[in-house]
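Work out the full structure, taking the sequences as your base and the hints as a guide.
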Amino acid sequence: MTTEVPSTSAERYVAVQQSEEFGRLRHIVRSFVFPMTAAFFLWYALYVLLSAYARGFMSTKLVGNINVALVFGLLQFVSTFLIAWYYSRYAARKIDPLAEQIYNEIESGDKKGTDA
Amino acid sequence: MEPHLLAAEVSTSTSRGLTITLFLVFVAITLGITIWASRQTKTATDFYAGGRQFSGFQNGMAIGGDYMSAASFLGIAGLIALYGYDGFLYSIGFLVAWLVALLLVAEYLRNSGRYTMADVLAFRMRQRPVRTAASVSTIVVSIFYLIAQMVGAGALVSLLLGIKADTTFLGMDADTAKVATIILVGALMIVYVVVGGMKGTTYVQIVKAFMLMTGALIMTLLVLAHYKFNLSELLGDAAQQSGKGDAFLEPGLRYGVESASASATFYSKMDLLSLGIALVLGTAGLPHILTRFYTVPTSRIARKSVLWAIGIIGTFYLFTLALGFGAAALVGGQAITAQDKAGNTAAPQLAQALGIDYLGGETGGAILLAVIAAVAFATILAVVAGLTLASSSSVAHDFYANVIRRGNASERDEVRVARISALVIGAVAIALSIFAQSLNVAFLVALAFAVAASANLPAILYSLFWKRFNTAGAMWSIYGGLIVAVGLVFFSPVVSGSPTAMFPDNDWHFFPLSNPGLISIPAGFLAGWIGTVISKESDADKYAELEVRSLTGHGAH
Numbered sequence: 001m002t003t004e005v006p007s008t009s010a011e012r013y014v015a016v017q018q019s020e021e022f023g024r025l026r027h028i029v030r031s032f033v034f035p036m037t038a039a040f041f042l043w044y045a046l047y048v049l050l051s052a053y054a055r056g057f058m059s060t061k062l063v064g065n066i067n068v069a070l071v072f073g074l075l076q077f078v079s080t081f082l083i084a085w086y087y088s089r090y091a092a093r094k095i096d097p098l099a100e101q102i103y104n105e106i107e108s109g110d111k112k113g114t115d116a
Numbered sequence: 001m002e003p004h005l006l007a008a009e010v011s012t013s014t015s016r017g018l019t020i021t022l023f024l025v026f027v028a029i030t031l032g033i034t035i036w037a038s039r040q041t042k043t044a045t046d047f048y049a050g051g052r053q054f055s056g057f058q059n060g061m062a063i064g065g066d067y068m069s070a071a072s073f074l075g076i077a078g079l080i081a082l083y084g085y086d087g088f089l090y091s092i093g094f095l096v097a098w099l100v101a102l103l104l105v106a107e108y109l110r111n112s113g114r115y116t117m118a119d120v121l122a123f124r125m126r127q128r129p130v131r132t133a134a135s136v137s138t139i140v141v142s143i144f145y146l147i148a149q150m151v152g153a154g155a156l157v158s159l160l161l162g163i164k165a166d167t168t169f170l171g172m173d174a175d176t177a178k179v180a181t182i183i184l185v186g187a188l189m190i191v192y193v194v195v196g197g198m199k200g201t202t203y204v205q206i207v208k209a210f211m212l213m214t215g216a217l218i219m220t221l222l223v224l225a226h227y228k229f230n231l232s233e234l235l236g237d238a239a240q241q242s243g244k245g246d247a248f249l250e251p252g253l254r255y256g257v258e259s260a261s262a263s264a265t266f267y268s269k270m271d272l273l274s275l276g277i278a279l280v281l282g283t284a285g286l287p288h289i290l291t292r293f294y295t296v297p298t299s300r301i302a303r304k305s306v307l308w309a310i311g312i313i314g315t316f317y318l319f320t321l322a323l324g325f326g327a328a329a330l331v332g333g334q335a336i337t338a339q340d341k342a343g344n345t346a347a348p349q350l351a352q353a354l355g356i357d358y359l360g361g362e363t364g365g366a367i368l369l370a371v372i373a374a375v376a377f378a379t380i381l382a383v384v385a386g387l388t389l390a391s392s393s394s395v396a397h398d399f400y401a402n403v404i405r406r407g408n409a410s411e412r413d414e415v416r417v418a419r420i421s422a423l424v425i426g427a428v429a430i431a432l433s434i435f436a437q438s439l440n441v442a443f444l445v446a447l448a449f450a451v452a453a454s455a456n457l458p459a460i461l462y463s464l465f466w467k468r469f470n471t472a473g474a475m476w477s478i479y480g481g482l483i484v485a486v487g488l489v490f491f492s493p494v495v496s497g498s499p500t501a502m503f504p505d506n507d508w509h510f511f512p513l514s515n516p517g518l519i520s521i522p523a524g525f526l527a528g529w530i531g532t533v534i535s536k537e538s539d540a541d542k543y544a545e546l547e548v549r550s551l552t553g554h555g556a557h
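Which chain is which? The protein sequence lines are A and B, in order.
Read in the UniProt record's numbering, the first sequence has 67 at position 67, and its numbers run on one by one without any break.
Read in the UniProt record's numbering, the second sequence has 419 at position 419, and its numbers run on one by one without any break.
Just so you know, nobody snuck in bad clues.
Here are a few chain B residues that sit away from chain A, every Cβ distance over 10 angstroms (derived from the structure):
no.	residue
1	Tyr358
2	Leu439
3	Asn440
Computed cross-link-like contacts, BS3-like style, restricted to lysine-lysine with a CA-CA straight-line distance of at most 30 angstroms:
no.	chain 1	residue 1	chain 2	residue 2
4	B	Lys228	A	Lys61
5	B	Lys542	A	Lys94
6	A	Lys61	B	Lys269
Read the hints as simulated data drawn from the structure, not as lab findings.
Ideal placement from N, C-alpha and C gives every residue a C-beta, glycine not left out.
Put into structure tokens, the structure is as follows:
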């Protein structure tokens, strides 16, 4: 048992990869996930850096005993939930339909038994 | 004497009996499920991936079950109870980490892999060297994690069952009970994996996640009700009881500690950054988490399961805030450290205090303590089962089937080897844990995350997104990240040269940080890049196939 796929499909995958449609799919995916990853990572890094080096700011009390540090920490939860929700919406609207379309095109190519 | 300590002694026998009964009920139910699952397990896909038939919610719960270890439940609650705000850093890092899995890993892994992490890493590389490397790092990460959990279980049993130094339980003193617990936990995890495979293990995770969420929710509601749902009042009381005042609610009591020595302060802050980066980047490289994405039918359901997991895990970590600060306020640091210096019993002690106040005195306290203690054991058991499954899958599918048999092993053979591997890995983990039980191995969880982030994550991300990446790059990043992370920890103050070290009487340390991530994670990425560019190998056709399959799901198993 191997994880190899028949090498006859290799040319077709290359053709699909170089198609304009697939380029658009790649762009839709990467233009979302890479900047978003950078954003949440920097936002998290800012939180860790402030915890290490901005103790005065973090200890500022806002309401009662609730200080900036706690609110900043809770905002990390909020941003994580929001990014997850936003990504699922983006993926369902932009990524999934195009991915499915390309998938179906490859499948119908398979049925004909010829290269695309 | 502290009131709750006294109560602990009075109600020990009631609570102990109930803890054991509840735990046996959990074991009976999960063993029943395991035997049922074994009848449904016929193919390799059933054994490795639970037949790929779980729903998004089921797998989301199971991910929560695999992820929320005793380190999260007991460890974070204890850290917050003793050091206040700093414990919260763990909760945040462990949660934000899921965005890496959601955005960059889960769907693509599901689309292009089959059973293990190495399926994706070796997709366009030379199979044998890359699968060997992936198998090595899978086993290293899993064994570190396993030992930490099993030693933790041994340390907890005497505390949770209230076995004192001079008393015995079923004729066992505290030390014998520790060893017996490690063997029992190890034996049960072997049975879950060998008999139930991924299907059985997944249901065990789901049951455990449900129990843990319910237990934590009840305690959180009781704590908040005690303060009439006024968070500020809870925090104020916790700060006052801790004796540290406002500092208890601010960063700096445990990590990034500011002291008179400028260099000690500098290293302490670097260590905080180092821990922070390993927490957020480690999750998406943990083999037992990665294999969970294969248990669902499609990449879209894999995405859904991560969304569920983020909701479940995020809610749980919000509970830990109430549990930790609640324990600080209602139990008190003194009473907690009297039971366990590391604070691991803060959550069970809080359960007892809440039970006494709200569920009818002593008996109520004993009942809630017993429930939470049983939840803690269920938590440990489920996590170690997940780890054993991931490492035995890698041994069978990567090392045996693809390295030794060069891809010519039959499905039956592969599953047989996976079961034998689970037995062997389980036995090795039991033996190592018994050997390590007197040593301080709490750092092993953080080390497992650091290795996952330094060795596995660079290789996974390069594989999925970098066309030029090749066999040499994969091996350099895996072995490079692994060696740097483990090497730095070996020469750090957590292994030697400090009173809390694994070997406190020796000193060979020269690396000043306890957490290697700040150096080892960039080192892993750098090594992967260097290895790639110095090798001429590059397979553009295979990358085309990987890219098309990972983004469209074509040819997915």
